[in-house]
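Trainee: The primary structure of each chain is shown beneath.
Protein chains: 2
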Amino acid sequence: MTDRALISSLSTLEDGPVLVQGWVDTVRDQKKVQFVVLRDESGAVQLVNPRAEGRESISDTISALAQGSFISVRGQKKADERVKLGGLEVKVDEIVVETAALPETPIAEDTSIDKRLDWRFLDLRIPRNALIFRIQTTFAHAFRTYWVENGYVELFTPKLMASASESKAELFKVDYFETSAYLAQSPQFFKQMAMSSGLGKIFEIGPVFRADPSFTSRHATEFTGIDAEVSWIESHEDVMQMQEQLMVAGLHAVKDAHGEEIKALFDVDIVVPSLPFPRIPLLEAREIVEARGHKLERNDLDLDPEGERQIAAHVQETFGHEFVFLTDYPASIRPFYHMRHEGDESLTKSYDLIWNGVEISTGAQREHRVDVLEEQAKQKGMEVDELGFYLDFFRYGAPPHGGFGMGFARILMLMLHQTTLREVTYLFRGPNRLQP
Amino acid sequence: MTDRALISSLSTLEDGPVLVQGWVDTVRDQKKVQFVVLRDESGAVQLVNPRAEGRESISDTISALAQGSFISVRGQKKADERVKLGGLEVKVDEIVVETAALPETPIAEDTSIDKRLDWRFLDLRIPRNALIFRIQTTFAHAFRTYWVENGYVELFTPKLMASASESKAELFKVDYFETSAYLAQSPQFFKQMAMSSGLGKIFEIGPVFRADPSFTSRHATEFTGIDAEVSWIESHEDVMQMQEQLMVAGLHAVKDAHGEEIKALFDVDIVVPSLPFPRIPLLEAREIVEARGHKLERNDLDLDPEGERQIAAHVQETFGHEFVFLTDYPASIRPFYHMRHEGDESLTKSYDLIWNGVEISTGAQREHRVDVLEEQAKQKGMEVDELGFYLDFFRYGAPPHGGFGMGFARILMLMLHQTTLREVTYLFRGPNRLQP
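So the protein lines, in turn, are chains A and B. So for the first sequence, our numbering puts the first residue at 1; every next one is plus one. So for the second sequence, our numbering puts the first residue at 1; every next one is plus one.
Hints may be right or wrong, so weigh each one.
If several chains are the same, the list does not tell them apart, and a pair holds so long as it fits within one copy or across any two.
Said to hold, decoys possible - Pairs of lysine-lysine residues, derived as BS3-like cross-links and limited to a Cα-Cα distance of at most 27 Å, are as follows:
no., residue 1, residue 2
1, LYS263, LYS380
2, LYS115, LYS201
3, LYS91, LYS263
4, LYS378, LYS115
5, LYS78, LYS378
6, LYS115, LYS77
7, LYS168, LYS380
8, LYS201, LYS263
Since the hints were derived computationally from the structure, they do not count as laboratory data. All figures in this text were calculated on a predicted structure; none of them were measured in a lab.
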C-alpha cells in the first residue's frame with residue numbers, strides 16, 4: 001500500500017510531509033492562490049497552492065482539475081486554526097491525477113432520487129450517503145458478534161429452490177437447465193431444517209427476492225434479510241427476548257461509532273432503547289387505536305399503516321419507547337407454520353416488531369408437530385403434496401423452535417428517518433430498476 | 001428459554017438436578033436397566049433408567065423411543081468415571097417426547113453422498129457434518145472482524161442484474177416482470193463501483209450463481225463467495241498481503257476454537273500458515289513443474305490440475321508451506337479488467353492462490369483508466385456497448401484498486417481434506433439438485 005494518510009487522521013499527525021489521496025470536491029482557482037477541497041472515505045481537507053515561480057506545473061494541474069477526479073497529493077500538513085475545514089491544510093508539493101473525471105457531473109445533491117440512482121456511484125460520494133453503509137457495517141457486525149458469542153451457527157441457505165417457500169404469488173422463476181427453479185422469498189424452510197438437524201441456533205444475513213410489482217417506498221424486489229432461528233424455546237417470548245437484545249446491541253454499536261456523525265449529517269439522535277420492549281397483544285392494540293379515534297377499516301384483523309402509527313404514538317406516550325412488539329396475531333393472517341395458542345386455536349404464538357410506527361419484523365414460534373402442521377397447511381388451502389420436502393423435516397423428530405425475519409433496509413430507513421428504501425440500499429432493485 | 005443445560009456443560013456442573021434436551025442417538029433396552037445416548041448440538045450424554053417399581057412409565061417411554069426423536073429429560077447428573085461417554089451420566093426422573101421420529105431412519109453414515117443429500121437434515125445430525133458449519137461460522141467471523149477492524153465497509157450487492165458480469169456462457173436467466181434479469185456470477189462490477197464511489201475498502205460474503213452444467217466435485221451452480229476490494233493499492237502485491245493476513249486470521253481462529261475436535265473427527269491438523277506466503281510467477285511455476293517431469297498439455301498458459309499439485313509439492317518441499325501465490329498471469333487467460341504490467345503488456349497484475357494443490361482464489365489489480373479498460377475489452381472481443389454502465393464507473397474518476405474473490409466451500413473442502421463441495425455446503429445446488 002501507499003503511505004497514504006487518511007484525511008481523518010491528519011489532525012493527529014505532527015506538521016510535516018504527508019500523502020493524501022482522494023477525489024476533488026471543489027476547486028477555488030484564484031489569482032494568487034489556489035484551494036482544492038480533497039475528499040476521501042474519512043473526510044475532507046483543504047489543499048493550498050500559492051501561485052509562485054517554480055510552481056507553475058502544480059498550478060496548471062489544479063486549474064485543469066475536474067470535480068470528481070481522483071488525485072494523489074504529497075505536501076506539507078500544517079495546523080492552522082483559521083482554516084474552517086478541520087483547522088488544518090496541506091500545502092501541495094506534488095500532485096498526480098490518477099484518473100480525470102469528465103467535466104460535467106450528471107447529478108447534484110438536489111437531483112431527483114431516480115436520477116441519482118442512475119448515477120449511484122456518484123451519489124454515494126456524498127458523505128451522508130456513504131455514512132449509511134458504514135452504519136450498515138457496524139450494525140451487522142454487532143448482530144453477528146452477539147450471535148457468535150451466544151453459540152449460533154451461521155448458515156448460507158440456497159437462493160435457488162425447486163418450489164415456493166412462502167407464497168406462490170411473488171415468485172421469480174429461473175431457467176434452470178432443462179427445468180425451472182425459483183428464487184427464495186425467505187430462508188424460512190431452510191432455517192427450520194437446521195432445527196431438525198440439531199444445529200440448535202442459527203442466523204443468516206443474505207438476499208431474499210420478492211416478485212412484488214408494487215412501487216411503494218417500502219418495497220423492493222431484492223433486499224437483505226436478517227434471519228435467526230432457535231431451538232428449545234418455550235414460546236415466542238423467547239424469540240422476542242433475543243431480538244430485542246440484538247436491536248439494543250446494534251443500536252448501541254451504531255451510536256458509539258457514528259452517533260455524532262449521524263447527528264451532524266441526518267440530524268437524528270440515535271436512541272438505544274431500554275429493555276424489555278413493550279409488548280401489546282394485537283387485539284388489545286386494535287382497541288387502543290380505535291379508542292384514540294382511528295377507525296380500522298381493513299377486512300382482516302391486522303392494523304393498517306395509520307393504525308401502526310397510532311399504536312406507536314400510544315407506546316411513546318405511555319412507555320416513552322420507540323419500539324413495540326404486537327403479539328398473538330390471529331391465525332387467519334399468519335402463515336400455516338406459526339404455532340397456535342394451546343387454549344385458543346384462533347391465535348398464533350407470533351408477533352410483529354414495530355419501530356416508530358412501521359413494521360420491521362415478524363417472529364413466531366413454529367409448529368413442529370407434523371400432524372398439526374399438515375392440518376394447518378390444509379386449512380390454509382395449501383397443496384400438502386408440494387410441501388412434502390418441508391414436512392419431511394418434522395417426520396424424524398424436531399425440537400420446539402422459533403425465529404424472526406427482518407429487512408435490513410427497513411431498519412436503516414427508520415434509524416435515519418428516511419422515507420424510502422431506495423436511499424439506504426446500495427443498489428436498489430424494483431420492478432423497473434435493474435441497473436446499475 | 002427453558003433452563004436447559006448444554007450437554008457439553010454437564011462436566012462443569014455439580015452433581016444434581018439438570019434438564020437436558022436433544023435427540024435420541026441410541027437406546028439399549030435391557031432387562032434391569034435402560035440406557036439412552038442423548039445428543040444435542042454440543043455433544044452426547046448417557047441417560048440411565050433402572051427398571052424399578054414406580055418407574056414403569058419412564059421405562060415404557062424409553063422402550064418406545066425411536067432413534068432421532070427429540071426429547072426433554074429432567075434427571076440427576078452424576079459424575080461416574082466408569083462411564084466412557086464423558087465420565088458422567090444422567091439418571092432419568094422425567095422424560096417428555098417432544099416429537100417422535102418415524103421408526104426407520106432412511107440413511108446411515110455409509111449411505112452414498114447423493115442419498116445423504118436427499119436427507120440432508122438427518123445427515124447434518126452426524127457430529128462431524130455439524131462441525132463443518134461451526135467452523136464456517138468461526139472462519140467467517142474472523143474474516144469480518146479483520147475487515148471491520150481495518151475500516152472496510154460491508155456491502156450487499158444485488159444478485160439480480162440487467163446483463164452479465166463476467167461471461168455470458170454461465171448465466172442464469174430470470175423472468176423479471178415484462179423483461180429478463182440475470183443472476184450475478186460475481187459481485188465484481190459492484191465491488192469496483194464502490195471504489196469509484198470513494199468507499200475505500202469493501203467486503204461481501206454472499207451467494208454467486210453459475211449456470212455451469214458440469215458435475216465435478218469442485219463445481220456448484222450456487223455457492224458462497226468471499227469478496228473484497230480495496231483502493232489506493234500500488235499493485236496486486238497489496239491485495240495478496242490482505243488476503244494472506246485474512247487466511248491466517250481465519251485459520252488461527254478455527255484452530256483455537258475447533259482444532260481438537262477437527263483432529264478427533266476429521267483426523268486433520270489445522271496448520272496456521274506463516275507470513276508471507278510464497279509467491280512464484282506463473283511462467284516460472286510452469287518451468288518448475290516441467291522440470292519435475294510433468295508435461296503441461298493445456299492449450300493456454302495456465303496450469304492443469306496435476307500442474308497445480310506439482311507446484312504445491314515443490315512449495316511444500318522448498319518452503320514447507322501449504323499455500324502459494326502464483327502471480328503475473330498472462331493477459332490471454334485473464335479477464336479484460338485485470339491491469340497489465342507497465343513493462344510487459346502480455347502479463348497481468350494478478351494472481352491465483354493455491355492451497356495444497358487446488359486453486360481457491362483469484363485476485364488482481366484492476367484497470368481503472370477507462371481508455372485502457374475499453375481497449376482491453378475490445379481486444380477480448382467484448383461488446384463495449386453492453387459494458388456501458390460498467391465503463392461509466394471510470395469516466396468520473398476512480399482510484400487505483402484491486403481485490404479478490406474466493407469460494408467459501410472450496411476453503412472448507414481443503415481445510416478438512418474433503419474431496420467434494422457437496423460435503424461442506426449446507427444445501428448443495430448442482431445441475432440436477434434443487435432439493436431439499
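Trainee: Hint by hint, note whether the structure agrees.
Mentor: Going down the list of hints, with the structure as the test:
| no. | hint | in the structure |
| --- | --- | --- |
| 1 | LYS263 - LYS380 | neither (47 Å within a copy, 49 Å between copies) |
| 2 | LYS115 - LYS201 | between (43 Å within a copy, 26 Å between copies) |
| 3 | LYS91 - LYS263 | neither (31 Å within a copy, 59 Å between copies) |
| 4 | LYS378 - LYS115 | neither (47 Å within a copy, 29 Å between copies) |
| 5 | LYS78 - LYS378 | neither (74 Å within a copy, 47 Å between copies) |
| 6 | LYS115 - LYS77 | neither (38 Å within a copy, 67 Å between copies) |
| 7 | LYS168 - LYS380 | within (13 Å within a copy, 42 Å between copies) |
| 8 | LYS201 - LYS263 | between (36 Å within a copy, 24 Å between copies) |
The structure does not agree with the numbered hints 1, 3, 4, 5 and 6 stated previously, though it agrees with the rest.
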